[in-house]
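Number of protein chains: 2
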Amino acid sequence: MRILLVEDELDMAGALGAALSKHNIVIDHVSSVGDAREAVRLHAYDAILLDRQMPDGEGLRLIPEIRAADIDTPIIVLTAHNDHEGRIRGLDLGADDYMGKPFVVEELIARLRAVLRRQPLLSPDVITAGRLSFEVSHMEPSLDGKPVILPRRELLVLAALMKRIGRTVTREALANAVYNFDAEIQSNALDSHVSRLRKKLAELDAGVAIHTIRGIGYLLKAAE
Amino acid sequence: MRILLVEDELDMAGALGAALSKHNIVIDHVSSVGDAREAVRLHAYDAILLDRQMPDGEGLRLIPEIRAADIDTPIIVLTAHNDHEGRIRGLDLGADDYMGKPFVVEELIARLRAVLRRQPLLSPDVITAGRLSFEVSHMEPSLDGKPVILPRRELLVLAALMKRIGRTVTREALANAVYNFDAEIQSNALDSHVSRLRKKLAELDAGVAIHTIRGIGYLLKAAE
DNA sequence: TCCCGAGCATTGCGGCAACATTGCGCGAAT
DNA sequence: ATTCGCGCAATGTTGCCGCAATGCTCGGGA
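If you read the sequences in order, they're chains C and X.
Numbering-wise (UniProt numbering), the first sequence opens with residue 1 and increments by one.
Numbering-wise (UniProt numbering), the second sequence opens with residue 1 and increments by one.
Bear in mind the hints are in silico, worked out from the structure with no lab data behind them.
Treat the hints with care, since some could be wrong.
Where chains are identical, the list cannot tell them apart; a pair therefore holds if satisfied intra-copy or between any two copies.
In the DSS-like style, the derived pairs of lysine-lysine whose C-alpha atoms are separated by at most 30 Å in a straight line are [stated by the list, open to error]: (1) Lys200 <-> Lys101; (2) Lys101 <-> Lys199; (3) Lys163 <-> Lys199; (4) Lys163 <-> Lys200; (5) Lys221 <-> Lys101; (6) Lys221 <-> Lys163; (7) Lys101 <-> Lys22; (8) Lys199 <-> Lys146; (9) Lys146 <-> Lys101; (10) Lys221 <-> Lys199; (11) Lys22 <-> Lys146.
All values derive from a computational prediction rather than experimental measurement.
All chains, please: the whole structure from these sequences, using the hints.
Take a look at the structure:
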């Protein structure tokens, strides 16, 4: 899961980033409306966290722009605590939720999950294949109801493959799901994650296997 | 799918070429307006990526020429990031979309797909024959909804035949769909791809067969 | 009708690039 | 201090692809 954080206060951004990482969320952080606009153009995020005041203007005005572009990524607006008008305007403009600052990170996570789960038409929250199932909003795979613990990167790989189960995922798409664009990968790190994940799936006898599509990417499929 | 890339920066062209090949797109790359003009005359591309500044002039002026020749191939203009005037002029002149540089390749692919899909009257995105269907924008064949994995070259052959299903495809046209004109084939490599594809279609019982039109080319047809 | 040649089909092979695997060292987290 | 995930790189493996040898088919001409 990858989200965009639009926030100019660096402390705040840092703290949020650390907290969200623990929940296996990949973050792209930008500090201005302009950069945010660019980032949204460049990547289809799972969600956007949007602060109101930015050095180059009002964050809220991004919302109609995004919606006009036919992008229905969930947006959560971060507002000052008593900014009543801001909350309402945000929702009117097409935001999905808001959080008054200061807030407890756990609550933000919960709202994120809620907001992500609220799009059942587009994609169900729980995906099942073989003996394996995956709860998207919690980023949690499980086998016969028992949670499976995976390292962060492998988990992100699995998530990306599960979301497109039975269909191919290009190497590039996979890389985008696993790394944010600050990250610079100059080796076959991605391959090794795939390899390790593959091995674990086999050991667990998960009933799914990662197939290689040479020259294109990968594909997760239930074993027959 | 074959597209023309008009770009004089070699780094850029190289990177784009590599990325697009992974998506099974064959690229012809030219570095000047003159060569581009020639290329458009010689081949009916699925799309054109057009950079603005060329050594021998302004790329945009190709657009009216192309449109005047009654060629409605989608054109995506690659502009410098803040080149507002260029974007607007490009669209006015008859381009279909633009991309500000630098950009992430995934987005370009997405725009390509969007632009290709935007011509539903000319050609639908999903072509079906026998039990086989083919999603043009994703270059993905499927049988009863399940994706069929094919090697790159065979996939390109299948795409070319599907796009003209029931009608003959010249050997030459087929070669153009599978190879760019840098590629130099001095054997019957193309035949062997056709052969292997034919075999697979039979094994899969896909309900379509490749017929040979002696002296001319091939024809894909649903089995009766 | 039979023959013959050109065009096409098929298939094994070798090279090569893409991919897989795994040990290692670093650094972060606990 | 120890563990563990991560990126890296070296090495092993796979499978696509172009090639070419060989066999087959069609169709025209005598």
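Against the structure, the hints come out as follows:
1. Lys200 <-> Lys101: Close neither inside one copy (41 Å) nor across copies (41 Å); limit 30 Å.
2. Lys101 <-> Lys199: Neither, since 44 Å and 40 Å both go past 30 Å.
3. Lys163 <-> Lys199: within (20 Å within a copy, 32 Å between copies)
4. Lys163 <-> Lys200: both (19 Å within a copy, 29 Å between copies)
5. Lys221 <-> Lys101: Neither way: Lys221 and Lys101 sit 43 Å apart in one copy and 37 Å across, limit 30 Å.
6. Lys221 <-> Lys163: Result: close both inside a copy and across copies, 11 Å intra and 28 Å inter.
7. Lys101 <-> Lys22: within (21 Å within a copy, 34 Å between copies)
8. Lys199 <-> Lys146: Result: close both inside a copy and across copies, 19 Å intra and 25 Å inter.
9. Lys146 <-> Lys101: Close neither inside one copy (36 Å) nor across copies (47 Å); limit 30 Å.
10. Lys221 <-> Lys199: For Lys221 and Lys199, both the intra-copy (15 Å) and inter-copy (24 Å) Cα distances are at most 30 Å.
11. Lys22 <-> Lys146: within (20 Å within a copy, 36 Å between copies)
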